[in-house]
Amino acid sequence: MTAKANALAQGFIRCHDCGYLVKTVDHPPSCPRCDSHLHARRPHSLQRTTALLFSSFFLYIPANIFPIMTVNQFGTGEPNTIAGGIIELIDSGMLPIGLLVLVASILVPSSKLIGIGLLLLCAHFRWQINARRWTVMYRVIAFVGRWSMLDIFMISILVDLVNFGAVQIIAGPAATAFASVVILTMFAAENFDPRLLWDNQKNL
Amino acid sequence: MNSTNYDACPECDLLLRSAQPKIGEKAHCPRCGLLLSRPRKQSVERTFALSIAGFILVFPANLLPMVGITILGNVNTGILLSGVVALFNEGMVAVAIVVFLASILFPLVHISLSLLISGHLYFNRHNRFLVGWMHWMHHLDEWVMLEVYMLGIIVACVKLMALAPLKFGWGLYAFIALIIITTMLTSGLDTGLFWQRIEQLTKENNHDS
Chain A
1 MTAKANALAQ GFIRCHDCGY LVKTVDHPPS CPRCDSHLHA RRPHSLQRTT
51 ALLFSSFFLY IPANIFPIMT VNQFGTGEPN TIAGGIIELI DSGMLPIGLL
101 VLVASILVPS SKLIGIGLLL LCAHFRWQIN ARRWTVMYRV IAFVGRWSML
151 DIFMISILVD LVNFGAVQII AGPAATAFAS VVILTMFAAE NFDPRLLWDN
201 QKNL
Chain B
1001 MNSTNYDACP ECDLLLRSAQ PKIGEKAHCP RCGLLLSRPR KQSVERTFAL
1051 SIAGFILVFP ANLLPMVGIT ILGNVNTGIL LSGVVALFNE GMVAVAIVVF
1101 LASILFPLVH ISLSLLISGH LYFNRHNRFL VGWMHWMHHL DEWVMLEVYM
1151 LGIIVACVKL MALAPLKFGW GLYAFIALII ITTMLTSGLD TGLFWQRIEQ
1201 LTKENNHDS
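Protein chains in written order, with the working numbering: chain A, 1 to 204; chain B, 1001 to 1209.
Treat the hints loosely; a few may be bogus.
To be verified - Chain A stretches covered by chain B per the calculated footprint, using a threshold of three residues with CB under 8 Å from any CB of chain B:
#1 95-102
#2 106-114
#3 135-142
To be clear, the hints were calculated from the coordinates, so they are not data collected in a lab. The structure displayed is predicted, hence computed values, not measured ones. Just so you know, even glycine gets a beta-carbon here, dropped at the ideal spot from N, CA and C.
Sequences and hints are given; from them, build the entire structure.
And the structure:
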């Protein structure tokens, strides 16, 4: 099989939304079945993904430095960063839950940033790679992204429930930054077109 | 070459002869391994039934108390929306909006759309909005985060258990049932079949008029 096996090389475009296969010779402006815009590859895939990746990278720094929530007990406030919250969970003997939060809010976002970066480099510099393996990596990145919202949901529940005069939990500025990181990386993964990895392969 | 006999893999763009797997079989892309189609038994009927159940469950899951906590004799109970309100009152407007969308609005819209679409297909009714609804449902899919919210509840409860006694309400059970239903719904929905049926209905409608 060569890159010539690609549908585009043989004159076909697959509609992005409904999966309808359209002949490029007919030059239809939009999909005959669902009327959405036709494009062979996601438009400006690499530029958009790079822009989203950089913004999420810069937001990732405040997300980890600033407190994500503050526990006020009898007048004394105790700010917690993302890492601090995990250490506290593990220290208090809740290892499995601590590990779960560690995976969802530290390992997943950071490996996502690195992974999308690698995919971009690979597509841009036309590295000759095992495209199947890289596509699987893309799939994993696209799948796990949403699970990082766990921390944000947990904070919304804690802030709501622990709201007594003497004991209070307040969300911190890192929450906004972290939520933006998760959403922007989800958009970045959505904008990256894995078919670019296959287009660049000289011999498959 | 008739384009309907062919298909392209959405992730590696390999041109394929259209696979017609039987019910219970799966079609994978031979080059990149992506699951291309997996037809389910009575996809329209099942989606319709599950959408009705889900649409009913949305209301208790949103309105009934989920988790209650007692500190120093005071009881505090939370529902889905009260978390959003609490964040909003603290000035975390952006986060509050994100939580509201992912846990309340998008799930409701998603289930309403699948109810509308599968209902129209079930009764063989044409509607000019069907295509638009399919687009919206397709785009919303990833942003319905009920199961992630469930994990958030679990982690929050583990953290709070050390602090004070907790009480679980009917809202939580309805929420869990809603998650099970939406998961069955998304896994049983055969997008390819739905698009084919919509195309068919549109053609019949054009023919009639």
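Hint-by-hint comparison with the structure:
Counting residues of the region 95-102 of chain A whose CB lies closer than 8 Å to any CB of chain B gives 3, which reaches the minimum of 3, so the coverage claim holds. Judged by the Cβ-Cβ criterion of 8 Å, the region 106-114 of chain A is not covered by chain B as claimed, because only 0 of its residues qualify and three are needed. With a cut-off of 8 Å between beta carbons, the region 135-142 of chain A has 4 residues touching chain B; three or more are needed, and the interface restraint holds.
The structure fails hint 2 only (numbered hints given earlier).
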